[in-house]
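Given only the sequences and the hints, what does the whole structure look like? Please build it.
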Amino acid sequence: MDLAAVKLLAPQIPSLANTAVWHTFGMTPNGDKWDLRTTLTVQVLRSFMTGGGKKPSSIGKVQAATLKDPGVKGKTWVAKATIPAPKESEDGVREAVFGAVDAMAEGQVQYTKPGLVDIGVEWTGYRSEAGTNEVMPNSSEEERYAKLMAEPTRTSDTTVLYLHGGAYYLCDPASHRAVTSRLAKECNGRVCSVRYRLAPQTAFPAQLLDALMVYLSLIHPPPGSLHTAIPASHIVFGGDSAGGNLVFALLQLLLQLHRTSSNPQIFFHGRKVDVPLPAGASANSGWFDIARAMPSIATNTKYDYLPPVNHDDTLSRFPADNIWPTNPPRGDLFCDLSLLDHPLVSPLLAADWSGSPPLWFVTGEECLTDEDTVVAARAAKQGVQVWWEQYEAMPHCFGMLIPTLANSGRCMRSWGEFCRKVVEAPSEVQTKGVWISAKGGVEREVKVQDVATVEDGEVRRLVKDAKERRMRGWEKEGKGMPKPAL
-7 MDLAAVKLLA PQIPSLANTA VWHTFGMTPN GDKWDLRTTL TVQVLRSFMT GGGKKPSSIG
53 KVQAATLKDP GVKGKTWVAK ATIPAPKESE DGVREAVFGA VDAMAEGQVQ YTKPGLVDIG
113 VEWTGYRSEA GTNEVMPNSS EEERYAKLMA EPTRTSDTTV LYLHGGAYYL CDPASHRAVT
173 SRLAKECNGR VCSVRYRLAP QTAFPAQLLD ALMVYLSLIH PPPGSLHTAI PASHIVFGGD
233 SAGGNLVFAL LQLLLQLHRT SSNPQIFFHG RKVDVPLPAG ASANSGWFDI ARAMPSIATN
293 TKYDYLPPVN HDDTLSRFPA DNIWPTNPPR GDLFCDLSLL DHPLVSPLLA ADWSGSPPLW
353 FVTGEECLTD EDTVVAARAA KQGVQVWWEQ YEAMPHCFGM LIPTLANSGR CMRSWGEFCR
413 KVVEAPSEVQ TKGVWISAKG GVEREVKVQD VATVEDGEVR RLVKDAKERR MRGWEKEGKG
473 MPKPAL
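In terms of this note's numbering, the sequence shown opens at residue -7 and continues consecutively.
Worth double-checking, as some hints may not be accurate.
What the hints assert, rightly or not - For lysine to aspartate or glutamate, the following DMTMM-like pairs were computed, each having C-alpha atoms within a straight-line distance of at most 25 Å: (1) Lys424 - Glu384; (2) Lys139 - Asp149; (3) Lys264 - Asp110; (4) Lys72 - Glu135; (5) Lys373 - Glu435; (6) Lys439 - Asp344; (7) Lys139 - Glu409; (8) Lys264 - Asp94; (9) Lys424 - Glu409; (10) Lys105 - Asp313; (11) Lys72 - Glu126; (12) Lys60 - Asp313; (13) Lys424 - Glu437; (14) Lys264 - Glu80.
As the list claims (entries may be wrong) - Beta-carbon label-pair distances, calculated as ranges: (15) Glu121 - Ser253: 46 to 52 Å; (16) Arg436 - Thr42: 31 to 37 Å; (17) Pro144 - Val426: 30 to 36 Å; (18) Lys456 - Lys264: 36 to 42 Å; (19) Ala221 - Gly23: 50 to 56 Å; (20) Lys139 - Trp14: 45 to 51 Å; (21) Asp344 - Lys264: 22 to 28 Å; (22) Glu447 - Trp14: 38 to 44 Å; (23) Lys47 - Ser253: 49 to 55 Å; (24) Gly18 - Thr42: 24 to 30 Å.
No lab work stands behind these hints: they were computed from the structure. Remember, it's a predicted structure, so these values are computed and weren't measured experimentally. The beta carbon of each residue, even a glycine, is placed where N, CA and C say it ideally should be.
So, in structure tokens, the structure goes:
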């Protein structure tokens, strides 16, 4: 345990000890569903998310704490690479993204049009023969990549394009190495983890630009790339939380390009290239509603650690620092408030998933469950092959944060199986849904088309109401600042 973790936990030791005693006597609120480790983990995470009653830290300070590189050790290969941006004269990526944003908007929206930048990625693989604390060999990135590719357990052509979570303003591929290494192991393949630009320094649609640019670079490698060309049929999108949002926004962008052209192409590094769909897409506790408008945000707090929502709160949520509020100011860390109900910002609002490759969803009984159920059911009703899993009483991203749970292991194995299956045997992938109990992992089959917990009409009404409340909050707190578009 590092010094930062000790400082974080030290003030909580008396409270954690008290909780442990109460749990032993079966007197904690979720003692019938959770073991002691889960109870304590969620307590610590709740304290971190809410600030433990203290004045919240600035965005910059919290963000910086999540970007520290802990180094690479144990059963993980990491080879770092840089994906170069096309020259401005050779860039069709921005045109494709901005065109889709405008075409898919239902009303007036406003956003800046950022340029492309070089994007770092981490090629990650499972290092089967390494000891638990064994440090990765001191060698070049090219040598590490070669060893990753030569790993005996890498028996599949599966490549996961991974987009990490962290509410769009936290975390990094380095913070997610345990997850990406495990996913590489479970799919017998490799993972390309993307260091996309973070908010609030960079707003939507920069993250979508970054994701599309890396995807095209996997299929059509620029000169000097570590990797050789990867067929789209070998690529599976994967992400957690906000990364799940970006996965499904990227997929919806690609579907939009395919809706408007039978053979979409983008001018990329000096030539026109095809833009095929991937083999599949997956989201672990996907955050599909940036407006946070669904009922489970409030009703599922018993089992989750995510902070409560305040739709009237905009600028004053966070103390000012050198990155927030932004200049010019906007009402949300990630995007202009006019975009809260845009389907490329909140895939919950994407009406059409027809033609999509197979999808994998997992959720607990968490604050984001409603939005996950709606997207999964809608896609399944439109003929998309959907793997759906819901775990009783489990918090947000439990499979990653509490890896010792039996159900966490089941979740990660399922994720890897899906990624491998859509690449190696796509014709065998069929829609299936399952509910898994917290104790004993008892499974119950469910019909995916029926899992939605909120009707489509109610979804749109709730998001519209949340957006309007945020706009009123902006008007109240903005104090003459430019008003976002309605």
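Consistency of the hints with the structure:
1. Proximity of Lys424 to Glu384 is assessed by CA-CA distance (about 17 Å); at most 25 Å being required, the pair is judged to hold.
2. Pair hint Lys139 plus Asp149 holds up; C-alpha atoms about 16 Å apart against a cutoff of 25 Å.
3. Only pairs whose Cα atoms come within 25 Å are accepted, and Lys264 paired with Asp110 is accepted, the gap being roughly 20 Å.
4. Between the alpha carbons of Lys72 and Glu135 the distance comes to roughly 11 Å, so the proposed pair stays at or under 25 Å and holds.
5. Restraint check for Lys373 and Glu435: satisfied, since their Cα atoms lie roughly 23 Å apart, inside the 25 Å limit.
6. Taking the CA atoms of Lys439 and Asp344, the gap is about 20 Å. The hint holds against a cut of 25 Å.
7. Of the pairs offered as hints, the one joining Lys139 and Glu409 holds, with about 23 Å between alpha carbons and a cut-off of 25 Å not exceeded.
8. At most 25 Å may separate the alpha-carbon atoms for a hinted pair to count; Lys264 and Asp94 meet this at roughly 22 Å.
9. A threshold of 25 Å between alpha carbons decides the hint, and for Lys424 with Glu409 the separation of about 14 Å falls inside it, so the pair holds.
10. Between Lys105 and Asp313 the CA atoms are separated by roughly 24 Å; this keeps the pair inside 25 Å, and the hint holds.
11. Annotation: proposed proximity of Lys72 to Glu126 holds, straight-line Cα distance about 19 Å (limit 25 Å).
12. Of the supplied pair hints, the one linking Lys60 and Asp313 holds, its CA atoms being roughly 19 Å apart against a limit of 25 Å.
13. Only pairs whose Cα atoms come within 25 Å are accepted, and Lys424 paired with Glu437 is accepted, the gap being roughly 8 Å.
14. Between Lys264 and Glu80 the alpha-carbon distance is near 15 Å, which keeps this suggested pair within the 25 Å criterion.
15. For the pair Glu121 and Ser253, the beta carbons lie near 47 Å from each other, so the given range of 46 to 52 Å is met.
16. Remark: the range hint 31 to 37 Å for Arg436 to Thr42 is upheld by a beta-carbon distance near 33 Å.
17. Here the CB-CB span from Pro144 to Val426 is close to 32 Å, well matched to the stated 30 to 36 Å.
18. The hinted window of 36 to 42 Å between Lys456 and Lys264 holds, with their beta carbons roughly 39 Å apart.
19. The hinted range of 50 to 56 Å is satisfied by Ala221 and Gly23, whose Cβ atoms lie roughly 53 Å apart.
20. For the pair Lys139 and Trp14, the supplied restraint of 45 to 51 Å holds, since their beta-carbon distance comes to about 48 Å.
21. Our hint of 22 to 28 Å for Asp344 and Lys264 holds, since their Cβ atoms are close to 26 Å apart.
22. The hinted window of 38 to 44 Å between Glu447 and Trp14 holds, with their beta carbons roughly 40 Å apart.
23. The supplied range of 49 to 55 Å is met by Lys47 and Ser253, whose beta-carbon atoms lie about 52 Å from each other.
24. Between Gly18 and Thr42 the beta carbons are some 26 Å apart, a value that agrees with the proposed interval 24 to 30 Å.
The structure fails none of the hints (numbered hints given earlier).
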